[in-house]
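Put together the whole structure using the sequences plus the hints.
Quick note, the sequences are listed as chains R and F, same order. Each residue of the first sequence is one higher than the last, beginning at 1 in UniProt numbering. Each residue of the second sequence is one higher than the last, beginning at 1 in UniProt numbering.
No wet-lab data here; the hints were simulated from the structure. Careful: at least some of the hints might be erroneous.
In this list, chains with the same sequence are indistinguishable; a pair is considered to hold if it fits within one copy or across any two.
Said to hold, decoys possible - Lysine to aspartate or glutamate pairs mimicking DMTMM-like chemistry, simulated, CA-CA at most 20 angstroms apart:
id	residue 1	residue 2
1	Lys-108	Glu-251
2	Lys-249	Glu-105
3	Lys-108	Glu-257
4	Lys-321	Glu-342
5	Lys-223	Glu-345
6	Lys-421	Glu-226
7	Lys-352	Glu-374
8	Lys-249	Asp-398
The structure presented is a predicted model; accordingly, all values stated were derived computationally and were not measured.
There are 2 protein chains.
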Amino acid sequence: MQMIRWGLRSLCRSRKAGLYGYSSKRFLRTASFGAPLNRNPAEIRSKVLDCRESYFWSSHGLHDIRYQIHQDRKSADEEPVDPFALVSDELSIIANRLRSMVVSEVPKLASAAEYFFKVGAEGKGFRPTVLLLMASALNMPRPESVAAEIASSFQKDMRTRQQCIAEITEMIHVASLLHDDVLDDADTRRGVGSLNFVMGNKLAVLAGDFLLSRACVALASLKNTEVVSLLATVVEHLVTGETMQMTAKAEQRQSMEYYLLKTYYKTASLISNSCKAIALLAGQTTEVAMLAYDYGRNLGLAFQLIDDVLDFTGTTASLGKGSLSDIRHGIITAPILFAMEEFPELHSIIDKGFDNSENVDAALEYLARSRGIERTRELAVEHANRAAEAIDALPESDDEDVLTSRRALVDLTHMVITRSK
Amino acid sequence: MQMIRWGLRSLCRSRKAGLYGYSSKRFLRTASFGAPLNRNPAEIRSKVLDCRESYFWSSHGLHDIRYQIHQDRKSADEEPVDPFALVSDELSIIANRLRSMVVSEVPKLASAAEYFFKVGAEGKGFRPTVLLLMASALNMPRPESVAAEIASSFQKDMRTRQQCIAEITEMIHVASLLHDDVLDDADTRRGVGSLNFVMGNKLAVLAGDFLLSRACVALASLKNTEVVSLLATVVEHLVTGETMQMTAKAEQRQSMEYYLLKTYYKTASLISNSCKAIALLAGQTTEVAMLAYDYGRNLGLAFQLIDDVLDFTGTTASLGKGSLSDIRHGIITAPILFAMEEFPELHSIIDKGFDNSENVDAALEYLARSRGIERTRELAVEHANRAAEAIDALPESDDEDVLTSRRALVDLTHMVITRSK
Chain R
1 MQMIRWGLRS
11 LCRSRKAGLY
21 GYSSKRFLRT
31 ASFGAPLNRN
41 PAEIRSKVLD
51 CRESYFWSSH
61 GLHDIRYQIH
71 QDRKSADEEP
81 VDPFALVSDE
91 LSIIANRLRS
101 MVVSEVPKLA
111 SAAEYFFKVG
121 AEGKGFRPTV
131 LLLMASALNM
141 PRPESVAAEI
151 ASSFQKDMRT
161 RQQCIAEITE
171 MIHVASLLHD
181 DVLDDADTRR
191 GVGSLNFVMG
201 NKLAVLAGDF
211 LLSRACVALA
221 SLKNTEVVSL
231 LATVVEHLVT
241 GETMQMTAKA
251 EQRQSMEYYL
261 LKTYYKTASL
271 ISNSCKAIAL
281 LAGQTTEVAM
291 LAYDYGRNLG
301 LAFQLIDDVL
311 DFTGTTASLG
321 KGSLSDIRHG
331 IITAPILFAM
341 EEFPELHSII
351 DKGFDNSENV
361 DAALEYLARS
371 RGIERTRELA
381 VEHANRAAEA
391 IDALPESDDE
401 DVLTSRRALV
411 DLTHMVITRS
421 K
Chain F
1 MQMIRWGLRS
11 LCRSRKAGLY
21 GYSSKRFLRT
31 ASFGAPLNRN
41 PAEIRSKVLD
51 CRESYFWSSH
61 GLHDIRYQIH
71 QDRKSADEEP
81 VDPFALVSDE
91 LSIIANRLRS
101 MVVSEVPKLA
111 SAAEYFFKVG
121 AEGKGFRPTV
131 LLLMASALNM
141 PRPESVAAEI
151 ASSFQKDMRT
161 RQQCIAEITE
171 MIHVASLLHD
181 DVLDDADTRR
191 GVGSLNFVMG
201 NKLAVLAGDF
211 LLSRACVALA
221 SLKNTEVVSL
231 LATVVEHLVT
241 GETMQMTAKA
251 EQRQSMEYYL
261 LKTYYKTASL
271 ISNSCKAIAL
281 LAGQTTEVAM
291 LAYDYGRNLG
301 LAFQLIDDVL
311 DFTGTTASLG
321 KGSLSDIRHG
331 IITAPILFAM
341 EEFPELHSII
351 DKGFDNSENV
361 DAALEYLARS
371 RGIERTRELA
381 VEHANRAAEA
391 IDALPESDDE
401 DVLTSRRALV
411 DLTHMVITRS
421 K
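Right, dumping it as structure tokens:
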């Protein structure tokens with residue numbers, strides 16, 4: 001599958017001939033702008049360093065590179081695919097199964113737990129879509145040769161098990177939303193009243209716990225302890241990220257490194273590790289599992305970076321048109337952090353806090369004069385490209401379904417960075 | 001091991017010759033006082049029916065049976081054992097490991113999570129003591145014959161894995177305490193400020209989630225998916241019990257059946273299922289695992305029933321000397337439920353709620369005139385006996401350590417019902 005990536009065109013093209021398995025390798029080369037060299041691969045794969053390096057790269061290396069979106073997206077022979085349409089039937093199955101999985105003998109608990117799985121409130125199904133496409137994208141011969149007959153029954157069972165990962169991921173995601181909303185005293189979520197607002201904090205805490213325990217029971221039923229451990233670690237990451245955000249000291253709030261690590265924990269860990277779980281359940285090699293992880297990780301980071309931009313711009317490109325909910329809650333995100341490098345005066349504004357709107361306005365003014373939004377988008381594009389490269393690096397396949405799913409996964413990286421809501 | 005149980009002496013003695021494996025069988029016979037007969041064994045083992053039947057039994061069958069405590073506890077040749085002293089060395093190992101297991105890279109999260117594992121605040125170690133003694137009590141030949149050499153290495157590994165169950169159980173227990181304290185707006189726990197009081201609700205919710213995820217990671221490391229599933233179900237039970245208590249309707253608050261089911265979920269499920277996990281990790285049969293479960297279940301129920309008595313009496317036998325915290329929070333427990341059978345007038349008092357102390361006083365007056373406290377103790381004694389019978393029903397062993405541990409487990413059932421705090 002030959003594709004030319006959107007964005008960062010000059011860079012991508014000049015390096016196209018040298019595409020390789022791990023996006024971190026490419027990264028190592030480009031990181032030479034600002035990051036220390038001579039790292040060993042294991043060190044580079046560590047998420048912490050990876051975060052730190054991508055920061056260096058974006059802040060020092062991309063200043064003079066113009067990026068453009070919507071160009072050279074695909075070679076002419078590739079049909080456009082709608083990633084969501086490809087798996088819509090399975091999405092319905094998963095949505096129905098989720099509703100039946102959160103039934104409890106205590107009526108209030110059941111209605112609390114199913115609150116976000118109800119028809120109309122169940123979200124876009126972004127995570128399940130990614131996971132189902134990943135399952136199809138990795139549907140290729142496994143390392144061990146398996147007799148045709150066994151393979152066929154395994155195939156069906158495997159798909160059900162992979163669907164189960166999608167369900168578990170949604171349950172963990174919604175559990176974390178329920179607890180986060182309690183923590184943030186949020187009053188709306190997905191356009192409806194947040195559960196804590198409608199049913200009270202106590203029930204929201206319990207419903208979150210209930211979903212976590214159901215997710216854990218479902219995980220155990222997969223009888224793969226590596227996968228159990230992987231997704232338990234995700235729950236720990238979600239908690240760690242939330243606590244990092246909640247307890248950050250002044251210095252940490254103004255650190256890009258801290259921000260990126262928190263973003264990995266809060267957003268990218270769930271999708272990256274569940275992508276990896278899909279690969280493990282498919283019986284794929286460690287290398288393939290790492291590529292699945294890389295895809296999820298970079299897609300998740302790109303997604304959050306754009307989210308942080310949209311919090312300032314909303315559906316337009318104009319600053320201040322977003323909800324500004326982060327900055328009003330005192331949460332400092334990438335656009336402000338980049339702006340701060342150009343305008344150190346922002347430090348003292350951030351120190352004062354954003355309880356009054358004058359300070360918010362002052363910060364927005366500096367942001368408008370800076371390249372903060374642009375550089376955040378650049379960083380998102382870079383992560384989107386890395387995600388797409390992970391897909392390119394998968395073992396070759398001539399299976400039409402596999403190729404279509406891989407194209408859809410790459411298209412998703414595009415949708416993530418071009419979305420306006 | 002021949003023992004004559006304390007309490008309910010006439011009943012116990014007359015039936016001693018017919019002791020058998022499952023306490024439910026014994027129960028079936030005694031249940032004929034009030035419960036429907038002709039149940040099949042599977043049905044009888046179901047916890048819901050079991051709770052319901054034990055209610056019928058206690059409310060209809062025990063009226064005329066005098067029980068006495070502290071008599072005929074043991075045959076003369078049995079040395080007294082201190083259950084806690086038997087495992088004190090291992091308890092220290094577990095306490096230390098718990099402290100090292102809850103370390104986090106986020107300082108606030110670490111200090112929140114370790115709050116109840118600190119020296120001086122870590123509790124009496126009741127659950128770990130039960131589990132370690134159970135591990136020793138089941139240290140007998142496994143169904144499969146294992147070569148001597150392998151057996152010896154397995155033995156050591158097995159003990160470490162069983163200790164791990166004790167650690168996981170403590171983490172789940174403390175996580176539920178943290179969330180419960182948030183739900184109850186509690187300001188103290190174990191004599192120190194509750195975590196939500198000291199660090200705020202948000203951090204208490206996160207610390208609970210963190211402990212649950214660490215417990216789940218530790219569970220996965222045991223590589224036994226049946227055990228993962230068992231303890232995940234416990235978390236679900238804890239949530240279900242808490243929600244039942246929180247959302248009970250007027251009718252449910254006055255139902256003994258509802259109360260017993262809630263008590264199983266909130267208190268007995270954790271210890272019973274972790275006892276079962278100990279047996280499973282020891283490679284024991286389903287029958288032995290069920291006896292371990294029966295022991296834990298009945299011990300847990302006896303423990304809670306006495307807790308409910310002590311909430312009214314405190315360290316004395318005088319009513320109103322306890323903290324009265326349940327009734328003041330509107331939580332109706334066994335003593336009041338039994339009293340209500342004698343004095344239906346209590347229904348309307350309960351309906352009015354206990355926000356004013358006059359209503360509390362009125363309820364206490366009825367309780368004092370009733371056999372509520374006595375019948376609650378009788379029920380606790382009955383469950384303690386059933387727990388001891390489960391130990392008696394274990395396959396015979398002539399190993400001195402095994403016998404000592406079994407004696408200690410039986411002694412624990414005694415300590416549970418005779419404790420005054």
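Do the hints match the structure? See the list:
1. In this homomeric assembly, Lys-108 and Glu-251 come within 20 angstroms of each other (Cα to Cα) only across copies, at 16 angstroms, whereas the closest approach inside a single copy is 43 angstroms.
2. Taking identical chains as interchangeable, the C-alpha atoms of Lys-249 and Glu-105 lie at most 20 angstroms apart only when they sit on different chains, with a minimum of 14 angstroms there against 43 angstroms within one chain.
3. For the identical chains of this complex, Lys-108 and Glu-257 are inter-copy neighbours only, at 19 angstroms across copies versus 42 angstroms inside a copy, given an alpha-carbon limit of 20 angstroms.
4. Proximity of Lys-321 to Glu-342 under the C-alpha cut-off of 20 angstroms is found in neither arrangement, the shortest distances being 22 angstroms within a copy and 68 angstroms between copies.
5. In this assembly of identical chains, the alpha carbons of Lys-223 and Glu-345 never lie at most 20 angstroms apart, being 55 angstroms within a copy and 54 angstroms across copies at closest.
6. Taking CA atoms no more than 20 angstroms apart as the test, Lys-421 paired with Glu-226 passes in neither setting, with 36 angstroms inside one copy and 43 angstroms between copies.
7. In this homomeric assembly, Lys-352 and Glu-374 never come within 20 angstroms of each other (Cα to Cα): the closest approach is 25 angstroms inside a single copy and 63 angstroms across copies.
8. In the homo-oligomer, the alpha carbons of Lys-249 and Asp-398 never lie at most 20 angstroms apart, since the shortest distance is 52 angstroms inside one protomer and 61 angstroms across protomers.
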